[in-house]
Amino acid sequence: MHISEGVLTAPILVTGAVTAVSGVAVGLKSMKDCQIPKVAIVTAALFVAALIHVPLGPTSVHLVLNGIAGIILGWQVFPAFLVALVLQLLLFQFGGLTVLGVNVVLMATPAIICYYLFKSVFNLSRQQDSTYLLGGAAFICGGLAIVISTLIMAGVLMLAEDSFLQLARVIIVSHLPVLVIEAVLSMLVVVFLLRVKPQLLEEF
Amino acid sequence: MMINQEFAEGSTWVHKLDPRLKILMVVMLAIIVAVGESMPMLIQAVLLASFFIVAAKLSWKKVLKRLLVINFFIFGIWIFIPFTYPGTALFYLGPLTASYEGVIYALRITLRSNAIMLAMIALLSTSEMTSLLQAMKQLYIPEKLIYLFFFVYRYIHVIADEFSTLHNSVLNRGFKPRTNLHSYRTYAYLVGMLLIKSYDRSNRVYQAMLARGFKGKLYIRDNFSISVSDLLVFSATVVLISWFIMIEVGLIII
Numbered sequence: 001m002h003i004s005e006g007v008l009t010a011p012i013l014v015t016g017a018v019t020a021v022s023g024v025a026v027g028l029k030s031m032k033d034c035q036i037p038k039v040a041i042v043t044a045a046l047f048v049a050a051l052i053h054v055p056l057g058p059t060s061v062h063l064v065l066n067g068i069a070g071i072i073l074g075w076q077v078f079p080a081f082l083v084a085l086v087l088q089l090l091l092f093q094f095g096g097l098t099v100l101g102v103n104v105v106l107m108a109t110p111a112i113i114c115y116y117l118f119k120s121v122f123n124l125s126r127q128q129d130s131t132y133l134l135g136g137a138a139f140i141c142g143g144l145a146i147v148i149s150t151l152i153m154a155g156v157l158m159l160a161e162d163s164f165l166q167l168a169r170v171i172i173v174s175h176l177p178v179l180v181i182e183a184v185l186s187m188l189v190v191v192f193l194l195r196v197k198p199q200l201l202e203e204f
Numbered sequence: 001m002m003i004n005q006e007f008a009e010g011s012t013w014v015h016k017l018d019p020r021l022k023i024l025m026v027v028m029l030a031i032i033v034a035v036g037e038s039m040p041m042l043i044q045a046v047l048l049a050s051f052f053i054v055a056a057k058l059s060w061k062k063v064l065k066r067l068l069v070i071n072f073f074i075f076g077i078w079i080f081i082p083f084t085y086p087g088t089a090l091f092y093l094g095p096l097t098a099s100y101e102g103v104i105y106a107l108r109i110t111l112r113s114n115a116i117m118l119a120m121i122a123l124l125s126t127s128e129m130t131s132l133l134q135a136m137k138q139l140y141i142p143e144k145l146i147y148l149f150f151f152v153y154r155y156i157h158v159i160a161d162e163f164s165t166l167h168n169s170v171l172n173r174g175f176k177p178r179t180n181l182h183s184y185r186t187y188a189y190l191v192g193m194l195l196i197k198s199y200d201r202s203n204r205v206y207q208a209m210l211a212r213g214f215k216g217k218l219y220i221r222d223n224f225s226i227s228v229s230d231l232l233v234f235s236a237t238v239v240l241i242s243w244f245i246m247i248e249v250g251l252i253i254i
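Protein chains in written order, with the numbering used here: chain W, 1 to 204; chain L, 1 to 254.
FYI, nobody ran anything at the bench for these hints, they're computed from the structure.
Given the structure is predicted, the values throughout are model-derived calculations rather than measurements.
Please note that the accuracy of each hint is not assured.
[Claimed, not checked] Label-pair distances were calculated between CB atoms; the ranges are: (1) Val173/W with Gly94/L: 15 to 23 Å; (2) Ser174/W with Asn223/L: 44 to 52 Å; (3) Ile141/L with Pro198/W: 32 to 40 Å.
Glycine included, each C-beta is placed from N, C-alpha and C at the ideal position.
Based on the provided sequences and hints, a complete structural model is requested.
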């Protein structure tokens, strides 16, 4: 999910950049040297996974997975998305250079919210076997991440220009199916990870 | 995967330009173009960016293919903005009225995105990713971020291969993607397996790095030198960008 170049106004671009830089700074500060390969390779996996197209009726949608990214990476998700978006920009010409900050905020803010949400449920459920509870939390996180990202995108577009209202509506409606798919996929991925390799969810 | 560096192969002066200067030039140009409103300025910016493309002798066919992605998004803007932007009527389409101001607004967005993308393709895609990382390091981007970038870039290819192995094995077992829970579960397990394999790989990579004496520092070769012609190109670009700024603030009226 991203906004293209040349659409937003200077105040929004600057606000986005400043917010993104602060988030990246927090992420980098909390990232120990020994974690760099781990964060990087998981980021690469999420980058590749986001290229998967999942069938949906007659069309297909590609995965976003920022909920899962937040759950696994925590605050490292800011530097991770910055790197991923720069690579998307250089390799596929997705997004844009001046909107990089806004796009990082758009992807990483919901991820951080999911991180705290999932972490609190995780700590709550340490005692008993709670695959269902954590699966449910992941379901909510996956959907919520898309909701927040879409709302930020629509809001930012409308701040830039009032007549984007119609476009913003279309964006919100077209992300409803994505929301459902992300919620289901996030739940299934987290349940799978809990069964096969729970350390992955505890590490960061 | 379409990850390649085909534009980086070449020997024109654009390719040989110092990557640090290239990054600075792209950033300066992107900023003035992204916030600029003046139509003559935007047109000249597109021309400047196209000039770099021509000078780098890149194939227009491939460049246009890359521009297709952003213009697909811009197409969405053209569908809405002329009809929702208030202003004097330009033409009618059934019950809808397209405003003159709306068309100008959409045109401005089109010029902006294309100018910046052309400049990025001409200046950044003509350098190897490793040179760009070196240049970023010298431009005071935090080292940790550069290591992270380096590792992600290094492993995307590996992980993409891993994914296609997993994907092929699923397809070989007769999996047909459809809109049902079974398909979604299969995709979720694919993603989960990819994450686990990557996580395990990262542990092996880190242990291999420690075994080779890694002490929390990567040594990136930095042997750039700015030649006289590099400086000349850079100054010319700075002059042109100042010219753009003067047009933008209305000091010069064309």
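The hints, checked one at a time:
1. Val173/W with Gly94/L: 15 to 23 Å: Check passed, 22 Å falls within 15 to 23 Å.
2. Ser174/W with Asn223/L: 44 to 52 Å: The hinted range 44 to 52 Å holds for Ser174/W and Asn223/L, with Cβ atoms some 49 Å apart.
3. Ile141/L with Pro198/W: 32 to 40 Å: holds, 35 Å
Violated hints are absent here; each numbered hint is respected by the structure.
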